[in-house]
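J.: Chains as they are written, first to last, in my numbering: chain A, 1 to 118; chain B, 119 to 398.
Check before you lean on any hint, since a few could be wrong.
With a cut-off of at most 25 angstroms between alpha-carbon atoms, the simulated SDA-like pairs for lysine to any residue come out as follows [claimed, not checked]: (1) B:Lys-156 - B:Gln-121; (2) A:Lys-33 - B:Lys-140; (3) B:Lys-140 - A:Gly-41; (4) B:Lys-352 - B:Leu-332; (5) B:Lys-158 - A:Arg-78; (6) A:Lys-33 - B:Leu-366; (7) B:Lys-162 - A:Lys-90; (8) B:Lys-158 - B:Tyr-184; (9) A:Lys-55 - B:Lys-279; (10) A:Lys-68 - B:Pro-136; (11) A:Lys-55 - B:Leu-374; (12) A:Lys-55 - B:Ala-133; (13) A:Lys-33 - B:Lys-352; (14) B:Lys-140 - A:Lys-90; (15) B:Lys-129 - A:Leu-58; (16) A:Lys-55 - B:Ser-291; (17) A:Lys-33 - B:Pro-164; (18) A:Lys-68 - B:Lys-156; (19) B:Lys-140 - A:Ile-80; (20) A:Lys-55 - B:Tyr-184; (21) B:Lys-158 - A:Lys-90; (22) B:Lys-162 - A:Ser-66; (23) A:Lys-33 - B:Lys-279; (24) B:Lys-279 - B:Ser-291; (25) B:Lys-162 - A:Gln-83; (26) B:Lys-158 - A:Asp-59; (27) B:Lys-156 - A:Asp-59; (28) B:Lys-352 - B:Leu-329; (29) A:Lys-90 - A:Asn-23; (30) B:Lys-129 - A:Lys-110; (31) A:Lys-55 - B:Cys-134; (32) B:Lys-156 - A:Val-43; (33) A:Lys-68 - B:Leu-154.
Source of the hints: derived by calculation from the structure; they are not laboratory data.
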Amino acid sequence: MSSQTSLPPLTPAVFHILLALSNGERHGYGIMKQVESDSQGNVSMGPGTLYGSLKRMLDSGLVMESDKRVDPQMDDERRIYYQITGVGTKALAAELERYKRIVTLAQERKLFPKTYSV
Amino acid sequence: MTQNTIRALYKKLIACYPRSFKDQLGESMEQTFNDLYKEKQQTKQPWVGFVLWTFLETAMGIWREYLFVIFQGDIMLTMLKTLGSSTLISLLLIFPFMIMEIINRRSFDEDFPFVLFFGLWLNLFAVSLVLFPIVRALRARKQDMTNPVATQKNTPLTNPKSALIISVVLILSVILLSFLASLGWQPLEHLLNNPNPEGPSVFGIQVASQLIILILLSLPIAAGIIASRPIIRKLQTGGSLFAYPIHLIIVVVISLMIVTGVASLIVDQWPCFIGVPVCD
């Protein structure tokens with residue numbers, strides 16, 4: 001087992017937040033919209049879930065506050081942005097590695113009607 | 119209900135979060151709600167369901183956050199560890215006497231003295247509740263002198279002055295009640311001696327009397343535990359065991375009194391444990 005996969009599994013909410021932040025920093029509303037988009041509408045979280053997860057992630061160093069600035073696509077209000085850290089990137093990579101192994105296993109057992117290339 | 123009213127209500131809801139959460143994330147959370155609400159209005163989607171669901175979801179988040187603070191925080195973990203260790207060690211200490219009682223008195227037609235062993239266990243449990251956290255803090259301090267716990271805000275129980283006052287008040291209450299009992303004060307006599315003959319009883323002792331005795335016994339134990347809190351906090355921040363000498367004296371005196379009580383009981387019951395036929 002690689003050292004990356006020795007990191008503990010992530011909850012679905014944490015996983016999706018890290019995925020949303022993986023291609024750039026976002027504010028809270030931006031994270032929620034990205035999560036919805038990444039999951040094609042299958043995963044939606046309310047502010048309670050989002051910020052509860054963000055608190056755990058900030059405390060464990062997976063994400064950090066980066067900036068407070070105006071979002072040019074929205075109004076003039078300044079918003080707090082969050083970004084993924086090195087630790088968060090490693091945790092996300094470890095989780096994706098776990099998913100990749102499970103998909104490979106499912107393919108070997110012919111559990112999928114189609115074949116997915118990974 | 120106007121947009122500003124709904125936003126104000128949500129802001130009040132966020133204020134119910136624990137302080138550390140509120141300080142770190144409250145502003146961002148409020149902003150996110152405003153963005154979501156604006157989106158609903160701009161896309162002309164029904165907002166009533168959204169508002170109700172969001173308020174409910176946030177209320178559940180607040181509940182989860184308090185549960186997390188309670189169950190993941192150091193205080194609860196330490197309390198549970200102390201309760202667990204105290205229960206186990208007290209049981210282990212009285213176990214040999216229970217075995218002696220069973221083996222040496224099996225030929226006599228007697229009931230097992232549950233009340234005696236419960237009393238023994240309770241006293242040992244009480245003294246370990248007072249002393250274990252101090253011992254644990256001392257051991258932790260010895261292992262990690264270079265990395266003391268950062269100083270946190272004092273609570274009434276960890277503030278040396280208020281802890282001392284509370285424990286002295288508790289001790290004085292016990293002394294006063296004992297004094298009144300020795301004078302034969304009627305209300306106390308009545309409470310302790312079968313206040314309600316028709317009431318439920320366990321092992322021949324009225325439940326009401328048992329509860330009153332337990333409450334009276336718990337006062338000095340509570341005094342010992344409260345007096346020990348500033349000492350433990352001092353040890354956790356790398357300080358000396360003797361930083362609060364009066365608190366230490368209270369802890370030592372109460373612990374000695376309880377241990378003396380246990381020892382006296384064991385000495386008194388020793389003939390029974392070794393199988394002397396008429397031992398009471």
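J.: Hint by hint, say whether it matches the structure.
T.: Against the structure, the hints come out as follows:
no.: 1; hint: B:Lys-156 - B:Gln-121; result: holds, 9 angstroms
no.: 2; hint: A:Lys-33 - B:Lys-140; result: holds, 23 angstroms
no.: 3; hint: B:Lys-140 - A:Gly-41; result: violated, 29 angstroms
no.: 4; hint: B:Lys-352 - B:Leu-332; result: violated, 31 angstroms
no.: 5; hint: B:Lys-158 - A:Arg-78; result: holds, 20 angstroms
no.: 6; hint: A:Lys-33 - B:Leu-366; result: violated, 58 angstroms
no.: 7; hint: B:Lys-162 - A:Lys-90; result: violated, 41 angstroms
no.: 8; hint: B:Lys-158 - B:Tyr-184; result: violated, 30 angstroms
no.: 9; hint: A:Lys-55 - B:Lys-279; result: violated, 35 angstroms
no.: 10; hint: A:Lys-68 - B:Pro-136; result: holds, 23 angstroms
no.: 11; hint: A:Lys-55 - B:Leu-374; result: violated, 46 angstroms
no.: 12; hint: A:Lys-55 - B:Ala-133; result: holds, 16 angstroms
no.: 13; hint: A:Lys-33 - B:Lys-352; result: violated, 48 angstroms
no.: 14; hint: B:Lys-140 - A:Lys-90; result: violated, 28 angstroms
no.: 15; hint: B:Lys-129 - A:Leu-58; result: holds, 22 angstroms
no.: 16; hint: A:Lys-55 - B:Ser-291; result: violated, 45 angstroms
no.: 17; hint: A:Lys-33 - B:Pro-164; result: holds, 18 angstroms
no.: 18; hint: A:Lys-68 - B:Lys-156; result: holds, 20 angstroms
no.: 19; hint: B:Lys-140 - A:Ile-80; result: holds, 14 angstroms
no.: 20; hint: A:Lys-55 - B:Tyr-184; result: holds, 13 angstroms
no.: 21; hint: B:Lys-158 - A:Lys-90; result: violated, 36 angstroms
no.: 22; hint: B:Lys-162 - A:Ser-66; result: violated, 33 angstroms
no.: 23; hint: A:Lys-33 - B:Lys-279; result: violated, 52 angstroms
no.: 24; hint: B:Lys-279 - B:Ser-291; result: holds, 18 angstroms
no.: 25; hint: B:Lys-162 - A:Gln-83; result: violated, 32 angstroms
no.: 26; hint: B:Lys-158 - A:Asp-59; result: violated, 32 angstroms
no.: 27; hint: B:Lys-156 - A:Asp-59; result: violated, 30 angstroms
no.: 28; hint: B:Lys-352 - B:Leu-329; result: violated, 35 angstroms
no.: 29; hint: A:Lys-90 - A:Asn-23; result: holds, 14 angstroms
no.: 30; hint: B:Lys-129 - A:Lys-110; result: violated, 52 angstroms
no.: 31; hint: A:Lys-55 - B:Cys-134; result: holds, 16 angstroms
no.: 32; hint: B:Lys-156 - A:Val-43; result: holds, 21 angstroms
no.: 33; hint: A:Lys-68 - B:Leu-154; result: holds, 19 angstroms
Hint check: violations occur at hints 3, 4, 6, 7, 8, 9, 11, 13, 14, 16, 21, 22, 23, 25, 26, 27, 28, 30; the rest are consistent with the structure.
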